Amino acid sequence: MPSSSLALTPGLGSFLKCLKTNPIDTSIETLISLLKRRQIRHSRSCATATAYLLRSVISACRTTDSAKLIERVQSVGRRLMAAQPREMVVGNIVRRVLGLIRDEAEDDRDAEFALSDIGSESQPQTPRAYDDASLPLDRDSPSFRAEDRSSRPPLTSMFSLLSHPEPENSLPSTPGSSSPSGRFASHGPSKDVRAEVLEGIGEIIDELGQVDDQIAAYALDHIHSNEIILTHTSSTTVQKFLLKAAAKRKFTVIHAESYPNNHEATHATVSGSAVSDDDNLGLEAFQKPLIEHGITVILIPDSAVFALMSRVNKVILGTHSVLANGGLVAAAGTRVIARAAKVHQTPVVVVSGVYKLSPVYPFDFDSLIEYGDPSKVLPYEEGDLVDLVDVQNPIYDYVPAELVDLYITNLGGHAPSYLYRIVSDHYRKEDISF
Amino acid sequence: MAEPSNAAPTAPVSPPASSTPEQAQPATENPPQTLPIRDSKPTQPTGDAPASTDGATDKPLTPAELKKKAKADKAARRIREKLEREGNNTTSSAAPPPSVGAQPRQPTTPKKDAAGTGSAQKGPRAPPPRRGSGPVAQNGSVLVEQKKKKDDKKVAVFGHLYGQQRRVTVGGATKEVHPAILALGMQLVDYTICGSSARCVATLLAFKRVIESYTTPMGTSLARHLTTHLSSQITYLSTCRPLSISQGNAIRALKLFIAGIDPSTPEASAKISLCEYIDSFIREKITVADQVIADSAAQKVQDGDVIVTFAGSSIVKHTLLLAHNQGKRFRVSIIDSRPLFEGKSLARDLAKSGLDVQYSLVHSITHAVKDATKVFLGAHAMTSNGGLYSRVGTALVAMSAKERASGVEIPVIVCCETIKFTDRVALDSIVVNEIADANELLPMDPPVSLLVPTPDAYAPPTPENKKGGNRTPAPEPPVIPHKTSSSPLADWHNTPNLQLLNIMYDVTPAEYVDMVITEMGSLPPSAVPIVHRMVTNL
Chain A
1 MPSSSLALTP GLGSFLKCLK TNPIDTSIET LISLLKRRQI RHSRSCATAT AYLLRSVISA
61 CRTTDSAKLI ERVQSVGRRL MAAQPREMVV GNIVRRVLGL IRDEAEDDRD AEFALSDIGS
121 ESQPQTPRAY DDASLPLDRD SPSFRAEDRS SRPPLTSMFS LLSHPEPENS LPSTPGSSSP
181 SGRFASHGPS KDVRAEVLEG IGEIIDELGQ VDDQIAAYAL DHIHSNEIIL THTSSTTVQK
241 FLLKAAAKRK FTVIHAESYP NNHEATHATV SGSAVSDDDN LGLEAFQKPL IEHGITVILI
301 PDSAVFALMS RVNKVILGTH SVLANGGLVA AAGTRVIARA AKVHQTPVVV VSGVYKLSPV
361 YPFDFDSLIE YGDPSKVLPY EEGDLVDLVD VQNPIYDYVP AELVDLYITN LGGHAPSYLY
421 RIVSDHYRKE DISF
Chain B
1 MAEPSNAAPT APVSPPASST PEQAQPATEN PPQTLPIRDS KPTQPTGDAP ASTDGATDKP
61 LTPAELKKKA KADKAARRIR EKLEREGNNT TSSAAPPPSV GAQPRQPTTP KKDAAGTGSA
121 QKGPRAPPPR RGSGPVAQNG SVLVEQKKKK DDKKVAVFGH LYGQQRRVTV GGATKEVHPA
181 ILALGMQLVD YTICGSSARC VATLLAFKRV IESYTTPMGT SLARHLTTHL SSQITYLSTC
241 RPLSISQGNA IRALKLFIAG IDPSTPEASA KISLCEYIDS FIREKITVAD QVIADSAAQK
301 VQDGDVIVTF AGSSIVKHTL LLAHNQGKRF RVSIIDSRPL FEGKSLARDL AKSGLDVQYS
361 LVHSITHAVK DATKVFLGAH AMTSNGGLYS RVGTALVAMS AKERASGVEI PVIVCCETIK
421 FTDRVALDSI VVNEIADANE LLPMDPPVSL LVPTPDAYAP PTPENKKGGN RTPAPEPPVI
481 PHKTSSSPLA DWHNTPNLQL LNIMYDVTPA EYVDMVITEM GSLPPSAVPI VHRMVTNL
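Sequence lines, in order, name chains A and B.
First residue of the first sequence: 1, per UniProt numbering; consecutive thereafter.
First residue of the second sequence: 1, per UniProt numbering; consecutive thereafter.
Note that these hints are calculated values from the structure, not bench results.
Computed from a prediction, not measured in an experiment: that's the story for all the values here.
For every residue, glycine included, the Cβ atom is placed at its ideal position computed from N, Cα and C.
Since no wrong hints were added, every one of them can be taken at face value.
Keeping only pairs whose Cα atoms sit at most 25 angstroms apart, straight-line, the calculated PhoX-like set for lysine-lysine is:
1. B:LYS370 - A:LYS342
2. A:LYS288 - A:LYS314
3. B:LYS300 - B:LYS370
4. B:LYS71 - A:LYS250
5. B:LYS71 - A:LYS288
6. A:LYS68 - A:LYS429
7. A:LYS314 - A:LYS244
8. A:LYS17 - A:LYS36
9. A:LYS288 - A:LYS248
10. A:LYS288 - A:LYS244
11. B:LYS352 - A:LYS376
12. B:LYS370 - A:LYS376
13. A:LYS342 - B:LYS374
Stretch-level coverage of chain B by chain A, calculated; a stretch enters the list once three of its residues show a Cβ under 8 angstroms from a Cβ in chain A:
14. 334–343
15. 354–361
16. 395–403
17. 429–441
18. 495–502
Label-pair ranges, simulated between beta-carbon atoms:
19. B:HIS160 - A:LEU220: 25 to 35 angstroms
20. A:PRO23 - B:SER353: 57 to 67 angstroms
21. B:LYS328 - A:LYS17: 52 to 62 angstroms
Work the whole structure out from these sequences, hints included.
Here it is as structure tokens:
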């Protein structure tokens, strides 16, 4: 593994480092193995890694044909998704990149359609006819041109309307420019496809970096003074959301520790000693914890959620991924919390970046659930017991849409029933199952 | 019931480490489990207070801390001046505290504490004006700061439950307290004896020994004096851990019986009849009751059932073992929770008897309940409005059973002796509850930190990374090194605004309970007050 030589722990940091130096195929393999071994875990890290990988895949791809690009991205995407099918953000990012390529390709086609006459039927003939006609034309004197033009309209009627002024303009300057410009019109944009797609991926990466702050911007609409907020796990999105509100308002946070899968991170988050693991790129490490903003944080074991729910004003949850039906896959224990909130008529707010929104309609909920290390539930020191009993440690819970009252994404707040619209805005139909 | 195997590793870890500095000290309400820094007890003997300040100043203080300290000093001075202005009568009334270890101190402590929390609920920052004026006058700044810190650690909603702190050593007990009670107290504190019925039985047995060694003093009768003698034992027990409902009911019955003894009965025969009464009480209300309940509950188990249970209830264990012995084939799914992990011993007992056991934690309730057919729950108590008062987390299990995604409700069956019925009512888990020491929540299993070296390896660099701005620099060294050294929570007592809440019970609403199996038959939860009345009138 090249990554192990670069960094102590394989993860997003080491992957991004080796992405710059290693050949692209090695990088793909690296990410696949990282995903398979769960050395890259948080949805955002996975999304970032995928976006960076696809950027290098596309920049390494020397083709100008958008169809080939799509094919290449699809094949890489399929391998990544096969490596970790439950990490839906990987698929989401791949789909968005595919959507980008398709958009650019279509824009080109539109542009070409507008500028040069690429009617789908006439395309094979026209350039040839054009070239054949124009090559001799270059050498010929401009006087022949009018005659030449008059012969063209029978071929393409649409083009004549738009292109008529152009030859007139180009006439005085350079006689040869007209035909090369035609050439550029057909080839230039396809070269652009790659550049624009790369730019688009850059935007996705930027979005991934800013998404938490964008979501946090809505915090003051939802958290008011003296409220009691309950949350769960050490989601950075939730923390930023609360921090933003903490700057202006005083409230109380009850934090369920999400034992056994995430309690250490939760403890660190709560006490403000979060270790800057390289998955978070050290961005959050410089954040002040809530307690330093004068916010009272009460850490409780997960079992006490029901007992305290009667005093909670709002439940704010982070998530692993959001599904198109408005349900979500989140850390185990979320579902009971959401259910307890429902029973107590407490609103449940889910904060999530749009990148976590997956165009997946779940039918088999069990297939979404990942199971983790059972020794966290029953450590091997209890060897006699481990032998005898069956131990389960699910990592995720599926939370049905009816338990969620509101989603806050970087685009704003949405009802769970509206999410399918956002899905169709972000992913193209043809990419949903690629 | 008693799970020495599971309680043993947690409790004895701490005392050897921190009990040594405490030994010289007469007041022993300071729990040794707590870190030495946390001398936040308001009844601190004044001789000890300077020592604790030294301990605090040993650490390098950050500028922020110094500022805070200066601020606290100032606040304390103001309070002191104010108090002196108000009059010296309060100071003189609170002067006795030098004899902190004396018994009369004991009952006053909780009262004062309660007053303190009452005011803390409104604003934890505001130093309560009346209380502890004596110590304030002597060493104001430290005590006020400690007080503030202590209030800061109390969850406001549960302010009414913080009344008294659990006693952790036998020191400070009066000579009236019987050794059996002293021993029982310690067993209650470290959860060696845990569970409502176990505690009840143990208490009654200890009382039996108290009665056996009891002689009526001259000039009074057994019926009159024994009650007060027992009361001091009970007071002691309740400082170890608040009495359970079952203990309370048993004590009430016992006192009633003592009061009914004819004063002319000779002492020896009165004692014999008392002991017999206790024995028959245990037999009737618990031993036989358990058998009856297990019998009828086991009938509810059918072949192919998947039975979910939460934590470790002795009566559920009896039921399941009985059903297994009757040859029924079923699967048991045990849901357990932090910090007591009572389900582990249940899982061990059941698995060793050959049952098919699945073990999971609270986070996977949804998964455990998914294919369940019945839920069996134990109870700490049943409230008069039908609520099930049981180990915290029970409500989540019952709720999940009632609201499964498939829409099929799973019957929730509670096994509960009538001695656990109470006439109290509880709308939610905040009205009645018990707050356990929050330090139990600190992850403190050294084997885990040994096996997983990564957090240890990465923990030390963090304070440096953060330029020491966010926390006191290097808080680990002064803390007991072998315990929770890697945990970010190790220093939570000194982290402002951070609170840990470790409640022990929650109330499951009556609508989640389908059936309560008692020794008097199977009832709906709404029948609890009626049965309770019948039982107490007997």
